[in-house]
Amino acid sequence: MKIAIASGKGGTGKTTVCASLVHVWPRAVAAVDLDVEEPNLHLFLHPHIESTEEVGMDIPIVDETKCSYCRKCAEICQFKAISVLGSVVLTYPEMCHGCGGCMAVCPEKVISTGNRPLGEILQGKAGNAAFWMGRLRVGEAMSPPLMRMVKKRLAQALGEGSPGAESPVDVLIDAPPGVSCPAMNAVMDTDAIVLVTEPTPFGLYDLKLAYQAFGQLNVPMGVVINRSDIGNSDTIAFCREVGLDIWAEIPFERNIAEAYASGRIIAETDPAHFAVFHSLAEKLQSVGERLTASREVTHA
Amino acid sequence: MREIIVISGKGGTGKTSLTAAFAHLASPVMICDLDVDAPDLHLILHPNQTQSHVFMGGRTAKIDPEKCTSCGLCQEMCRFDAIEAAEGQHRVNPLRCEGCSVCVHFCPEGAIDFPEKQCGHWYASRTRFGPMMHAQLFASEENSGKLVALLRTQAKENAKKIGMELILSDGPPGIGCPVISSLSGVSYAVLVTEPTPSGRHDLERVASLCTHFGVPAGVIVNKSDLNPTECDGIEIYCRDHHIDVIGELPFDPVITRAMVQARAVTEFDSGAFSNRIRDLWTRICEVAIYNKN
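Those sequence lines, one after another, are chains A and B.
The letter at position 46 of the first sequence is residue 46 when you use the working numbering, and the numbering goes up by one with no holes.
The letter at position 213 of the second sequence is residue 213 when you use the working numbering, and the numbering goes up by one with no holes.
Derived by calculation from the structure, the hints in this document are not laboratory data.
Incorrect hints may have been included.
[To be verified] To give an idea of the chain B side of the interface with chain A (calculated C-beta under 8 angstroms), a few residues:
hint : residue
1    : 77
2    : 197
3    : 237
[Unchecked claim] Below, a list of computed lysine-lysine pairs in the DSS-like style, where the Cα atoms sit at most 30 angstroms apart:
hint : chain 1 : residue 1 : chain 2 : residue 2
4    : B       : 62        : A       : 152
5    : B       : 117       : A       : 208
6    : B       : 117       : B       : 146
7    : B       : 117       : B       : 156
8    : B       : 156       : B       : 62
9    : A       : 109       : A       : 72
10   : B       : 160       : B       : 146
11   : A       : 152       : B       : 146
12   : A       : 80        : B       : 62
13   : A       : 283       : A       : 152
14   : A       : 208       : B       : 146
15   : B       : 156       : A       : 72
16   : B       : 146       : B       : 156
17   : A       : 208       : A       : 283
18   : B       : 67        : A       : 72
19   : A       : 80        : A       : 66
20   : B       : 156       : B       : 67
21   : A       : 72        : B       : 160
22   : A       : 66        : A       : 125
23   : B       : 161       : B       : 146
24   : A       : 109       : B       : 156
25   : A       : 72        : B       : 62
26   : B       : 67        : A       : 283
27   : A       : 208       : B       : 161
28   : B       : 161       : A       : 72
29   : A       : 80        : A       : 125
30   : A       : 283       : A       : 125
31   : B       : 67        : B       : 146
32   : A       : 80        : B       : 146
33   : A       : 125       : A       : 152
34   : A       : 109       : A       : 208
From the three backbone atoms N, C-alpha and C, an ideal C-beta is built for every residue, glycine too.
Could you put together the complete structure from these sequences and hints?
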């Protein structure tokens, strides 16, 4: 089962929830940080990194000595990453989305594949959990290609797609904040989405956006309300109104804030906190079981 | 004209609450909410819209099932796995489509349309602290970098028209496309952080982004008393990297209470916490506007 921990807004406690869930998870689990712009999960899980892979994406390199300056490459490029000015071809690698259109369209076949570094993929172990994270190169604008590569490596490692392979490992994904392309990329293809929010006007506004955005995926969603005793009750009212289950509530306690501030996993600090996350894990597993059951029915 | 932006790398550090307070202290000022993905500043400022515009952000491929012969070439050529085939019928998954036009160009039947799509709205508004430019990207839409650039251009043009010398922006989180788009050519970036491992990690990344783009930056450590050791660490980091430490703020629920009342904290409370924010703003004005170090 693949679960994304997401939130419309940053700073609601996504990583806190994800790290604690990994800690209490009763089965084999892989923890994946897809918030590649600002990965934080490793700061709490303290993984032992076994391998680091530098990854990049395909960008065009034009051999101008053989170019006929027909401009077809510039015409197909939707991202203004290649332009032809008289008898000069200019490429802007940082604008390139790596679609390969220019290479495919070039009648002289003089555009070859170069590489723009995107960042790195780190892989290792955090206790018994497998650990994966992507880290975007500072100055790189596009995070989805790196996220796609992390997902690809993970799928390879878990043997997905190979015939007869049944993945025995659950996956917990720490997603980036927001509801635009990076966040959508992270929650796509998951079996359940946990929306972490806080009961303030900012938290509620962003929760509504997330509910709207991720709702179109038709995946079971539930809410974790962090700092549940600050702010107001509008968030609970909203969840009731649209039928979003509240899977857990975490109060604001100074000792939680301080534990987080010193890089500790909340579920580890106190039996009461452990119980909150343990029950959240159980709820998620029962969502997973219902899902498997309904899939078996449709396949039968 | 000066443009000051408040960013944080990490979300939830209090960026928007501080921007609202600074907007109050600087008013009248041109205000911009550049977090077009999850904007929140309007929840405090309650802007009155004077203009509303449609934002067209890009194009998405669409296969005409009448013309499609299911040859599969589009699926083969798409590098974003955006083309799905089910029951012999090919279709574009709009959530994955990057709008690159490769499938459109190479389809032998000319069966793929490439319509422009609306990705959101942008607005010009009036608030009690000055004019405001803001936007809302539709959920799950892309091109936020382009929308950020558009808002900034509009803010500059409007500020010039009405003779306003300062633009104050609430920035997006992260270090990717929208942040890069919001940083270029800015006079000064205020980096709000918190004394946590993630706060510090993200601060280091966003600070190096500022250095990368040559934007002068200063740091405010919010909730500084939650971990004094980490707070000292941040100050040492800043000193070592020649980043100005503007100051710190203790953890205080007054900031949440003000938010729930939809007030800037400096409007809501006139106690010690608000006075500290006034001091921070004075310091920002000194370095960012009057170049006093």
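Here is what the structure says about each hint:
A distance limit of 8 angstroms between C-beta atoms decides the matter here; for residue 77/B the minimum to chain A is near 7 angstroms, and the interface restraint holds. The restraint placing residue 197/B at the interface with chain A holds, with a minimum CB-CB distance near 4 angstroms, inside the 8 angstroms limit. Interface hint status for residue 237/B: violated, as the beta-carbon distance to the closest one in chain A is roughly 15 angstroms, over 8 angstroms. A threshold of 30 angstroms between alpha carbons decides the hint, and for residue 62/B with residue 152/A the separation of about 26 angstroms falls inside it, so the pair holds.
Note on residue 117/B and residue 208/A: the hinted pairing holds, with a Cα-Cα distance of about 23 angstroms set against a maximum of 30 angstroms. Taken as a hint, the residue 117/B and residue 146/B pair is honoured in the structure, with Cα atoms around 14 angstroms apart against an allowance of 30 angstroms. Between the alpha carbons of residue 117/B and residue 156/B the distance comes to roughly 26 angstroms, so the proposed pair stays at or under 30 angstroms and holds. Among the hinted pairs, residue 156/B with residue 62/B is inconsistent with the structure: their alpha-carbon atoms are about 37 angstroms apart, more than 30 angstroms.
A C-alpha spacing of about 12 angstroms is found between residue 109/A and residue 72/A, which places the hinted pair at or below 30 angstroms, so the restraint holds. A distance of roughly 21 angstroms separates the Cα atoms of residue 160/B and residue 146/B; the hinted pair therefore holds under the 30 angstroms criterion. The straight-line distance between the Cα atoms of residue 152/A and residue 146/B is roughly 28 angstroms, inside the 30 angstroms bound, and the hint therefore holds. Restraint check for residue 80/A and residue 62/B: satisfied, since their Cα atoms lie roughly 22 angstroms apart, inside the 30 angstroms limit.
At most 30 angstroms may separate the alpha-carbon atoms for a hinted pair to count; residue 283/A and residue 152/A meet this at roughly 28 angstroms. Note on residue 208/A and residue 146/B: the hinted pairing holds, with a Cα-Cα distance of about 24 angstroms set against a maximum of 30 angstroms. Between residue 156/B and residue 72/A, the direct Cα distance comes to roughly 36 angstroms. Violation of the 30 angstroms bound is thereby established for this hinted pair. In summary, the hint linking residue 146/B to residue 156/B is supported, as the alpha carbons are separated by about 16 angstroms, within the 30 angstroms threshold.
For the given pair, residue 208/A sits about 22 angstroms from residue 283/A by alpha-carbon distance, which is consistent with the 30 angstroms threshold. At roughly 25 angstroms between alpha-carbon atoms, residue 67/B and residue 72/A fall within 30 angstroms of each other, so this suggested pair holds. Taking the CA atoms of residue 80/A and residue 66/A, the gap is about 22 angstroms. The hint holds against a cut of 30 angstroms. For the given pair, residue 156/B sits about 47 angstroms from residue 67/B by alpha-carbon distance, which is inconsistent with the 30 angstroms threshold.
This hinted pair does not check out: residue 72/A and residue 160/B have alpha carbons roughly 40 angstroms apart, beyond 30 angstroms. Among the hinted pairs, residue 66/A with residue 125/A is inconsistent with the structure: their alpha-carbon atoms are about 49 angstroms apart, more than 30 angstroms. Distance hint between residue 161/B and residue 146/B is fulfilled; the C-alpha atoms sit about 23 angstroms from each other, no more than 30 angstroms. Pair hint residue 109/A plus residue 156/B does not hold up; C-alpha atoms about 44 angstroms apart against a cutoff of 30 angstroms.
In summary, the hint linking residue 72/A to residue 62/B is supported, as the alpha carbons are separated by about 22 angstroms, within the 30 angstroms threshold. In summary, the hint linking residue 67/B to residue 283/A is not supported, as the alpha carbons are separated by about 47 angstroms, beyond the 30 angstroms threshold. In summary, the hint linking residue 208/A to residue 161/B is not supported, as the alpha carbons are separated by about 36 angstroms, beyond the 30 angstroms threshold. Restraint check for residue 161/B and residue 72/A: not satisfied, since their Cα atoms lie roughly 41 angstroms apart, outside the 30 angstroms limit.
Pair hint residue 80/A plus residue 125/A does not hold up; C-alpha atoms about 41 angstroms apart against a cutoff of 30 angstroms. Taken as a hint, the residue 283/A and residue 125/A pair is honoured in the structure, with Cα atoms around 25 angstroms apart against an allowance of 30 angstroms. At most 30 angstroms may separate the alpha-carbon atoms for a hinted pair to count; residue 67/B and residue 146/B exceed this at roughly 33 angstroms. Only pairs whose Cα atoms come within 30 angstroms are accepted, and residue 80/A paired with residue 146/B is accepted, the gap being roughly 13 angstroms.
For a cut-off of 30 angstroms, the pair hint linking residue 125/A to residue 152/A stands: about 18 angstroms separates their Cα positions. With a C-alpha separation of about 49 angstroms, the suggested pair residue 109/A and residue 208/A falls outside the 30 angstroms cut-off, and the hint is violated.
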